[in-house]
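Asker: Sequence:
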Amino acid sequence: MSLSERVAELLRTPGEQKEVSRTMRAAELSLSDSSVPDGSTLSFDAVLDSLGDSIAVSGTVTYEWVGSCRRCLGPVGGTETAEVREVYSQLGDEDTFPLEGDDIDLEPLIREAVLLDLPVAPLCSDECRGPVPELYPAEPATDPDPDAEPLRDPRWAALDDLDLS
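Each residue of the sequence shown is one higher than the last, beginning at 1 in my numbering.
Hints in this document: simulated from the structure, not taken from any laboratory. Among the hints, erroneous ones may be present.
[Said to hold, decoys possible] FRET-style restraints, in silico, Cβ to Cβ:
| hint | residue 1 | residue 2 | range |
| --- | --- | --- | --- |
| 1 | Ser32 | Gly52 | 19 to 25 Å |
| 2 | Ala121 | Ala158 | 21 to 27 Å |
| 3 | Leu159 | Arg85 | 45 to 51 Å |
We treat Cβ as the ideally placed atom computed from N, Cα and C, and that holds for glycine.
All chains, please: the whole structure from these sequences, using the hints.
Answerer: Okay, here's the thing in structure tokens:
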């Protein structure tokens with residue numbers, strides 16, 4: 001599905017602006033442990049500015065996302081708003097989006113903005129202590145037994161067999 005916007009009149013009048021509001025359905029937008037559910041709505045609101053032979057696009061993309069907490073692996077998600085500031089140019093520069101003819105395709109811009117904004121390692125909360133906080137407390141007990149053997153993380157057990165002498 002292509003979200004093209006007609007910009008012929010805008011290109012003929014440098015300095016002119018055009019407001020654009022569009023929605024599209026998400027498909028295959030995922031990164032690491034975060035994704036935008038397929039079929040959910042992406043809302044795009046922007047202003048197109050004519051620069052003569054190119055078009056500057058400034059706006060936002062609002063979307064819903066889901067994922068897994070990086071500490072406890074529980075579900076996490078929310079609504080995010082990604083900022084968009086890009087240029088469509090006829091010059092074929094690799095730093096701009098292509099401007100071919102009288103239309104610009106907004107879909108690649110929207111998809112890229114969402115993928116760059118998705119959380120790479122989301123947390124369910126800043127206080128999340130992980131899957132088993134009672135085994136590995138973040139803070140030591142207030143009155144520990146001085147004779148008790150401290151709890152050891154079993155993931156380090158293989159190092160006990162190393163002879164470093």
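Asker: For each hint, tell me whether it holds in the structure or not.
Answerer: Do the hints match the structure? See the list:
no., hint, result
1, Ser32 x Gly52: 19 to 25 Å, "violated, 40 Å"
2, Ala121 x Ala158: 21 to 27 Å, "holds, 26 Å"
3, Leu159 x Arg85: 45 to 51 Å, "holds, 49 Å"
Violation of the numbered hints given earlier is confined to hint 1; every other hint is satisfied by the structure.
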